[in-house]
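So the chains spell out like this:
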Amino acid sequence: MDALLMAGMIVQNILIAFSFSMFLWRRSILSDIAEQTFISTSMAMVLVGAVGQIRANGITPLLNGKVLLLVPIALGILIYSQFFRKYAFFQRWSMAVVLGVGFGIVIMTSVETTILRNLSESVLQVTQVPVATAANNILMIIALFCTVSYFIFTRPRTGALARVQRFGRYFMMVYFGAVFGSTVMSRLGNYIAIIQTFLNNLGMAT
Amino acid sequence: MALATLRSREIVVIILAFCGLAVLADYFVRIPVLRTAVDELKVWAVLIAAFATGVGFFGYARRTIIKTRAREPGWPVLIYGVILAIVMSYFGIFYGVEGTGYSWLFNYVLQSVRTATVALGTPFIFSAALRAFRARNLDAVLFLIAGVLLMLYNAPIGEVIWSGFPVVGQWILDVPQTSVNRALMILTGLGLAAYGIRYIVGFEEMAAER
Amino acid sequence: MITTGRIFDLVIILIVFGFTVYFIWRARRGRVSQLVKLPAVDAFEEGVGRAVEMGRPVHYTTAMVDIGQRTEWVEKVLGYYIMGYVAQMCASRRAQLYVSERDALTLGYVKETLRSAYERAGWPDGFNENMVLWHPWTTQPFALANWFQQVKPGANFMMGNLLFGTVIVAEAAALEGAFQIAYGDTPFLVATCEYVMIADEYYATSAYITKKPLLVGAITGNDYVKMLLLLVLIASVALLNLGIKDVLKWLAI
Amino acid sequence: MVDAKEAGQKTGRTKTLADRVHSMDRRYMWWFLTILVATMLVIDISIPLKIGDETKEFVTFMDSFKRGSVILFSNDNTVTVNNVIGEACTATMRYLLERGVKIVFMSLRQDGVSLTLASLRSIPTVDRFKYGVDYVQFGYYAGDTRVVAALQRDVWGTLGADVRGTACKDIPLMQNIKQCTDFAAWIESGGGSQFTFYINNWSVPYNVPGACIQTAANLPDMTTWYRNRLLNGFVSDQTGSAALSRVLGYPSGLGRILNAQSAAHVLLIALILVGNLLYVQEKLRNQRREK
Chain A
1 MDALLMAGMI
11 VQNILIAFSF
21 SMFLWRRSIL
31 SDIAEQTFIS
41 TSMAMVLVGA
51 VGQIRANGIT
61 PLLNGKVLLL
71 VPIALGILIY
81 SQFFRKYAFF
91 QRWSMAVVLG
101 VGFGIVIMTS
111 VETTILRNLS
121 ESVLQVTQVP
131 VATAANNILM
141 IIALFCTVSY
151 FIFTRPRTGA
161 LARVQRFGRY
171 FMMVYFGAVF
181 GSTVMSRLGN
191 YIAIIQTFLN
201 NLGMAT
Chain B
207 MALATLRSRE
217 IVVIILAFCG
227 LAVLADYFVR
237 IPVLRTAVDE
247 LKVWAVLIAA
257 FATGVGFFGY
267 ARRTIIKTRA
277 REPGWPVLIY
287 GVILAIVMSY
297 FGIFYGVEGT
307 GYSWLFNYVL
317 QSVRTATVAL
327 GTPFIFSAAL
337 RAFRARNLDA
347 VLFLIAGVLL
357 MLYNAPIGEV
367 IWSGFPVVGQ
377 WILDVPQTSV
387 NRALMILTGL
397 GLAAYGIRYI
407 VGFEEMAAER
Chain C
417 MITTGRIFDL
427 VIILIVFGFT
437 VYFIWRARRG
447 RVSQLVKLPA
457 VDAFEEGVGR
467 AVEMGRPVHY
477 TTAMVDIGQR
487 TEWVEKVLGY
497 YIMGYVAQMC
507 ASRRAQLYVS
517 ERDALTLGYV
527 KETLRSAYER
537 AGWPDGFNEN
547 MVLWHPWTTQ
557 PFALANWFQQ
567 VKPGANFMMG
577 NLLFGTVIVA
587 EAAALEGAFQ
597 IAYGDTPFLV
607 ATCEYVMIAD
617 EYYATSAYIT
627 KKPLLVGAIT
637 GNDYVKMLLL
647 LVLIASVALL
657 NLGIKDVLKW
667 LAI
Chain D
670 MVDAKEAGQK
680 TGRTKTLADR
690 VHSMDRRYMW
700 WFLTILVATM
710 LVIDISIPLK
720 IGDETKEFVT
730 FMDSFKRGSV
740 ILFSNDNTVT
750 VNNVIGEACT
760 ATMRYLLERG
770 VKIVFMSLRQ
780 DGVSLTLASL
790 RSIPTVDRFK
800 YGVDYVQFGY
810 YAGDTRVVAA
820 LQRDVWGTLG
830 ADVRGTACKD
840 IPLMQNIKQC
850 TDFAAWIESG
860 GGSQFTFYIN
870 NWSVPYNVPG
880 ACIQTAANLP
890 DMTTWYRNRL
900 LNGFVSDQTG
910 SAALSRVLGY
920 PSGLGRILNA
930 QSAAHVLLIA
940 LILVGNLLYV
950 QEKLRNQRRE
960 K
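From first to last, the protein sequence lines are chains A, B, C and D.
If you're matching positions, the first sequence starts at 1 in the working numbering and goes up one per residue.
If you're matching positions, the second sequence starts at 207 in the working numbering and goes up one per residue.
If you're matching positions, the third sequence starts at 417 in the working numbering and goes up one per residue.
If you're matching positions, the fourth sequence starts at 670 in the working numbering and goes up one per residue.
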């Protein structure tokens, strides 16, 4: 087991160095190896995931007597018709089931949760509350109003509407700034993780 | 010919409309038969989606074969990739994801290359910060100020510099951010709902034909 | 009959559906609503013009997904519509348009679009096969960053989400002084690009350019729903603050 | 935005600082950042850690589960996400298992299966818990929102069999789990919008409460849903993970990593400021020259 761990650490560092060589040096056989490793291991993971799921949720219940599952299994196999030009259209049938069910779910959830919950949470008290809360609430209602107005495309952008839309844009910029400021941390998290792995494998930094 | 009939778009539109409207109808009315059917339909969709994810692997295999046959530059690397993929899939499928072989390949090979590749983008953020993030108009000024404040909110150092940074960051998150995010979510939800309705009644399919 | 708590949802779905169908039907009969001209669309001319002045080529890329891979493919298809428009503009102004693509399936389509655009503008020699750059998989952003250093395009269009590659490409292009118009991972684009399309603006742009009844009708329909929702919001806030606390219950019937 | 380097060459004036910065190779930035991060990882300084309300709420939420209740843990981490929030996932699993809460694991991302295994193996007390009774692991399910929707009323049919190939009806833990309402709660970890699938399909129509562990890129979205009262607390990125470990009293390996985060954040802010100062300076100089 220890030999495996040792080998793992060496392979890890070699692959990290290979991956970085694309940026630090130039594209070469080393970076090609790293890239190919990325692609083929990801693909293997995809295949293992698919086989695992088909086994768990198709084959096992089928063997336990749920014969109806033959229909989705057949539809699933039809997806592979796309590799034969003449019969490629069959995959559209299978995708129609996946997309139809998917859109059915998405339509109702986006109306019930995404639209209505967000809308009703924005109906805020501005009277009978402390001044600071009232100010925040007014700001929130205005921000929501301006932002939605920004995306009205069939009214000419003049006069009051134009001003409202400009404020909507400013509010959105604050939002995007917040997203940017947050995203930095998760991006850096990866970067630090890779440096840490590299140092760890070399026996530095614990 | 029969094949031409099967190929027609109407069949696809009918399947789409049936599945979509059945799921929607079940949501609004309680009919036991419909309910059972929709439950089954949802499980089917999940199972078919599993088959669909496998397509990526075969597409990759086919591309690799074509490239190797054509002896494109770097083809030995492609063969290395195929061998690696086959070995990893073999371990994963026949010895299970809990097996040593698959776990080792996952932990030491896949994890490091994936992280390294994504991490390579990070220095570009820093380079961009120095040379491209310009406060060239009011939009960008607001953007950068909010970004910097949120960075100081997220990183523990912010509180050390000034105890007010967490408060300001929290206010940005709670007030302007939340309401704009709500607005954008409403818009996205509306767009998705409209697109979905158009899709399941076959408008998009029909439009693609033209 | 109808499950309680979901009546309002059904009403909204019916309204969305009704408006969409009505406006698509209207648009098909030729009564197309006037869409506003977006600043980003005006900027297309400016960007191409700037590239021509500087004697540099233009670069265009679509989303970093394979077609049919995920739901994002809608973005990619709209990206191709806009590509056709930009290609025409470049061809008529005698600018070279480089398109980078990561999906092998659509390479042929991209080449054909470019070739026909240059032929229609009376400059068939302007097109050559090398103008379609193919970078498979994750190498695209890094390869593009190098390519920007060598070729120094005058304008850069990124129509679609490049995922983690966004900041790489945007930085490289900004460094070479390219005029950038982009849609995608907005937070990284706002400060690096001249014009950024946010969310629905992108869809409106493609509708504005193609004038397809389906797209224009859908956008018009959606506009009315948005205005309706804003009215509901204002009315509810007003009622709530006038002391009618039941408003929130009405929204949840 | 005229190319500063070219402008300098054309007018023949000496290179200013702005020009030099402009023509700098990106690799210098890489080395600078790497050395900074590596230094912070090697040396030991302590920066106090803030513990946010939402993290406290997350712990309160976990405390509210009764002994013996079953929850769904959807580990949708990808490899890159796990680098960031892996520790919080492990801490959550450990805390819940030790409190006697039973966990059903599943994944909406392929990586999640192996990552769950790795997390479970890294729990020191994992041998005390019996597979199939205290916890059970299901594999990867493609279909995103469809999976979550299918789970609403047909858990057995959707999940089928666990990673070891045992059908649901033969797993002791799954005997009474037929619908999503049989779960006391859901906990989701990942780096995307997957937690909204659970909000949309479980929390709103079926009132199954939930919480999530996500990367900071989703902090805005999480805050919004938290304010919409559909998330019972959340853990955000490495700050949140470290805070969670602190609250739960587990050893954390994030101390130095957070120092590196802090240093890198400060560097980024400094770079933005310097870059904009140079930009303003250049702009003023160009204006003067035009006059």
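Keep in mind the hints are simulated off the structure, nothing from the lab.
Every residue, glycine too, gets a C-beta built ideally from N, C-alpha and C.
Just so you know, not all the hints are guaranteed correct.
Some chain C residues well away from chain A (every beta-carbon gap over 10 Å; in silico) [what the hints assert, rightly or not]: (1) 424; (2) 473; (3) 501; (4) 510; (5) 559.
Derived DSSO-like pairs: lysine-lysine, alpha-carbon spacing no greater than 27 Å straight-line [stated by the list, open to error]: (6) C:568 - B:273; (7) D:684 - A:66; (8) C:568 - D:684.
Hint check:
1. 424: Violated: least Cβ distance 7 Å, not greater than 10 Å.
2. 473: Holds: least Cβ distance 22 Å, greater than 10 Å.
3. 501: Correct as stated: the minimum Cβ-Cβ distance to chain A is 17 Å, above 10 Å.
4. 510: Nearest chain A Cβ is 32 Å from residue 510 (chain C), so the label holds.
5. 559: 8 Å, violated
6. C:568 - B:273: Violated. Residue 568 (chain C) to residue 273 (chain B) sits at ~31 Å, over the 27 Å cutoff.
7. D:684 - A:66: With Cα atoms ~77 Å apart, residue 684 (chain D) and residue 66 (chain A) exceed 27 Å; violated.
8. C:568 - D:684: The given pair, whose Cα atoms are some 21 Å apart, holds under the 27 Å limit.
The structure does not agree with the numbered hints 1, 5, 6 and 7 stated previously, though it agrees with the rest.
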